[in-house]
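Visitor: Here is how the chains run, residue by residue.
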Amino acid sequence: MGYVDVSAVRHTLSDGRVLLDDVNFRVGEGARAALVGENGAGKTTLLRIIAGDLVPEAGSIARTGGLGVMRQFIGSVRDDTTVQRLLVDLSPPAVRAAWDAVEAAELALMETDDEPAQMAYADALAQWGDAGGYDVEVTWDTVTVAALGVPYDRCKYRSLSTLSGGEQKRLALEALLRGPDQVLLLDEPDNYLDVPGKRWLEERLLETRKTVLFISHDRELLARVADRVITVEGGTAWVHGGGFASYHEARSSRHERMAELRRRWDEEHDRLVELVRTLQQQAKNSPAMASKYSAMQTRLAKFEAAGPPPDRPEEQKVAMRLRGGRTGVRAVMAEQLELTGLMQPFDAELWFGDRVGVLGANGAGKSHFLRLLAGRDVAHTGSWRLGARVVPGFFAQTHAHPEWQERTPVDLLWHGEPGRPGVDRGRAMAALRRYGLTDQADQPFRTLSGGQQARFQILLLELGGATLLLLDEPTDNLDVLSAEALEEALAAFEGTVLAVTHDRWFARSFDRFLVFGADGRVYESAEPVFDEARVARAR
Amino acid sequence: MTLAVPPSTPGSPSELPGDPAVEQAVDRLRGEYAGRIRPQLVVRVVRDCRRDLGGSPVGAMPELVERLARVRLGRHIA
Numbered sequence: 241m242g243y244v245d246v247s248a249v250r251h252t253l254s255d256g257r258v259l260l261d262d263v264n265f266r267v268g269e270g271a272r273a274a275l276v277g278e279n280g281a282g283k284t285t286l287l288r289i290i291a292g293d294l295v296p297e298a299g300s301i302a303r304t305g306g307l308g309v310m311r312q313f314i315g316s317v318r319d320d321t322t323v324q325r326l327l328v329d330l331s332p333p334a335v336r337a338a339w340d341a342v343e344a345a346e347l348a349l350m351e352t353d354d355e356p357a358q359m360a361y362a363d364a365l366a367q368w369g370d371a372g373g374y375d376v377e378v379t380w381d382t383v384t385v386a387a388l389g390v391p392y393d394r395c396k397y398r399s400l401s402t403l404s405g406g407e408q409k410r411l412a413l414e415a416l417l418r419g420p421d422q423v424l425l426l427d428e429p430d431n432y433l434d435v436p437g438k439r440w441l442e443e444r445l446l447e448t449r450k451t452v453l454f455i456s457h458d459r460e461l462l463a464r465v466a467d468r469v470i471t472v473e474g475g476t477a478w479v480h481g482g483g484f485a486s487y488h489e490a491r492s493s494r495h496e497r498m499a500e501l502r503r504r505w506d507e508e509h510d511r512l513v514e515l516v517r518t519l520q521q522q523a524k525n526s527p528a529m530a531s532k533y534s535a536m537q538t539r540l541a542k543f544e545a546a547g548p549p550p551d552r553p554e555e556q557k558v559a560m561r562l563r564g565g566r567t568g569v570r571a572v573m574a575e576q577l578e579l580t581g582l583m584q585p586f587d588a589e590l591w592f593g594d595r596v597g598v599l600g601a602n603g604a605g606k607s608h609f610l611r612l613l614a615g616r617d618v619a620h621t622g623s624w625r626l627g628a629r630v631v632p633g634f635f636a637q638t639h640a641h642p643e644w645q646e647r648t649p650v651d652l653l654w655h656g657e658p659g660r661p662g663v664d665r666g667r668a669m670a671a672l673r674r675y676g677l678t679d680q681a682d683q684p685f686r687t688l689s690g691g692q693q694a695r696f697q698i699l700l701l702e703l704g705g706a707t708l709l710l711l712d713e714p715t716d717n718l719d720v721l722s723a724e725a726l727e728e729a730l731a732a733f734e735g736t737v738l739a740v741t742h743d744r745w746f747a748r749s750f751d752r753f754l755v756f757g758a759d760g761r762v763y764e765s766a767e768p769v770f771d772e773a774r775v776a777r778a779r
Numbered sequence: 117m118t119l120a121v122p123p124s125t126p127g128s129p130s131e132l133p134g135d136p137a138v139e140q141a142v143d144r145l146r147g148e149y150a151g152r153i154r155p156q157l158v159v160r161v162v163r164d165c166r167r168d169l170g171g172s173p174v175g176a177m178p179e180l181v182e183r184l185a186r187v188r189l190g191r192h193i194a
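Sequence lines, in order, name chains A and B. Going left to right, the first sequence walks through residues 241 to 779 as my numbering numbers them. Going left to right, the second sequence walks through residues 117 to 194 as my numbering numbers them.
Hints may be right or wrong, so weigh each one.
[Said to hold, decoys possible] The calculated SDA-like cross-link candidates involving lysine to any residue, where the alpha carbons are at most 25 Å apart (straight line), are:
1) A:LYS396 to B:VAL174
2) A:LYS396 to B:GLU179
3) A:LYS396 to B:GLY175
Derived from the structure by calculation, the hints contain no laboratory data.
Sequences are here, hints too, so could you generate the full structure?
Guide: The following block contains the structure:
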């Protein structure tokens with residue numbers, strides 16, 4: 241068992257801004273704590289400080305029980321790192337050191353096969369054994385069989401880049417959950433996992449007796465797993481001792497309390513300032529009042545020196561206004577539609593105002609279906625058409641716009657595109673402000689975070705006057721608050737919404753579902769279906 | 117690198133009667149160095165190597181002993 245104790249931690253960015261200040265919390269033995277906050281609030285930085293990657297400017301970290309860390313990049317490894325290297329890197333420091341010593345001794349032996357090199361190699365092997373290395377290798381075998389379905393010896397030299405993001409994540413999670421470290425720091429462990437994978441993760445986190453601190457934007461995972469929620473906001477962190485179900489209420493109450501304390505301080509400050517002014521006037525006419533004036537000045541100075549209580553954190557400024565408009569009753573009609581080679585022909589009818597979730601197997605053609613309805617060139621047979629006054633607006637996954645990479649949001653808004661008139665800088669800035677993108681207005685699109693790119697795309701939908709929203713995994717990169725802002729905007733949207741999603745929480749806000757099965761069948765369901773297997777393809 | 121061998125047993129004697137690491141190395145090296153080095157010397161060198169490598173993982177011992185003995189026997193020839 242182990243714990244993490246964060247005490248008075250302060251961290252300043254290279255540009256001098258204080259990112260975190262006076263951060264205090266404890267994750268006790270066996271706790272499952274979620275770390276949440278908007279994009280850029282400092283969650284990953286805080287995790288890196290706890291992991292020892294960064295040294296805090298002030299404060300300290302205490303921990304026991306051995307620390308296992310899964311970093312955010314696992315899932316997107318595209319270099320030649322091998323399965324073996326990943327497993328070594330996820331091992332305790334003593335195992336890593338022993339492994340590196342064996343590797344170095346082997347290399348030396350290849351260079352010079354003399355007696356000192358052989359004795360050094362034998363010594364390295366002995367240390368490997370002493371560090372528990374042989375037992376670790378048995379565990380690695382269990383890990384690769386569980387995550388990849390093959391023994392360690394058959395996959396140890398395999399490059400991670402040949403594994404899917406979900407397989408990389410699964411491999412790392414299996415290693416950490418089965419490993420000896422008693423405290424786990426997991427940075428977005430659910431990213432790249434499909435819904436069955438997320439469910440597996442939830443079960444494993446619920447059954448583990450280890451202490452877990454994890455960052456996630458998946459509200460379903462947060463609700464099922466977290467027994468406390470640590471929020472990074474306003475440059476510090478606070479802890480909600482309950483689960484995610486009561487988190488929103490707790491956060492609102494905290495903000496109201498902070499605002500109330502600040503309001504009282506401001507009132508008291510105004511009162512003292514006024515009193516000092518009055519006494520100053522009176523002291524001019526009456527020497528007897530001079531001492532009172534002096535005493536009141538001292539009191540005001542002390543009050544100001546103590547400083548005001550922290551103000552409530554500034555709310556993320558995301559106000560999405562997806563207006564839409566009245567269209568024909570039938571918004572989308574498809575007859576015997578088949579996207580070539582992806583599915584069996586199917587019929588579908590979407591009505592004005594429908595909220596339809598598109599679910600199903602990876603590779604079954606969900607995104608292609610949306611692209612077809614958006615007017616893109618997608619090979620198909622059968623027929624489809626949009627109803628009267630239906631204007632499609634398409635939200636693609638964030639990497640789907642190579643042509644935007646070097647352009648700035650202001651530039652993209654200013655030029656407009658067919659169906660979306662350009663706007664001047666003033667209007668562009670006003671719109672970007674509502675989406676919390678003021679600071680990114682003149683940055684190239686490629687430098688925006690995933691969440692910022694997603695918010696910008698939603699802004700384009702707003703300005704395009706769409707009456708049919710075609711959304712492809714819109715919440716994938718959004719933090720919890722932005723995802724909720726999107727849900728609110730969709731609820732107020734007058735029009736039809738069709739969204740591909742793996743976000744179970746988001747899916748619950750839809751009326752019905754179109755499920756793309758692994759067997760090529762497309763069917764309707766009143767309830768969300770997340771069990772469709774991945775489509776098997778020849779590789 | 118394959119390290120999948122059982123760990124060494126703490127406190128194991130440096131040379132066990134019928135130690136497979138010694139026996140295997142002696143068998144191979146006696147044949148390899150026949151006519152160049154006396155068999156008794158091969159046995160002694162191998163036993164010395166086994167003793168010097170005491171504490172190494174048991175599973176890796178045959179390979180370690182034979183490699184080290186080969187280096188030392190090579191010195192005798194030279």
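Visitor: Hint by hint, say whether it matches the structure.
Guide: Results for each hint:
1. Taken as a hint, the LYS396 (chain A) and VAL174 (chain B) pair is honoured in the structure, with Cα atoms around 23 Å apart against an allowance of 25 Å.
2. Distance hint between LYS396 (chain A) and GLU179 (chain B) is fulfilled; the C-alpha atoms sit about 22 Å from each other, no more than 25 Å.
3. Using a Cα cut-off of 25 Å, the hinted pair LYS396 (chain A) and GLY175 (chain B) holds, with the two alpha carbons roughly 20 Å apart.
Of the numbered hints given earlier, the model fails none.
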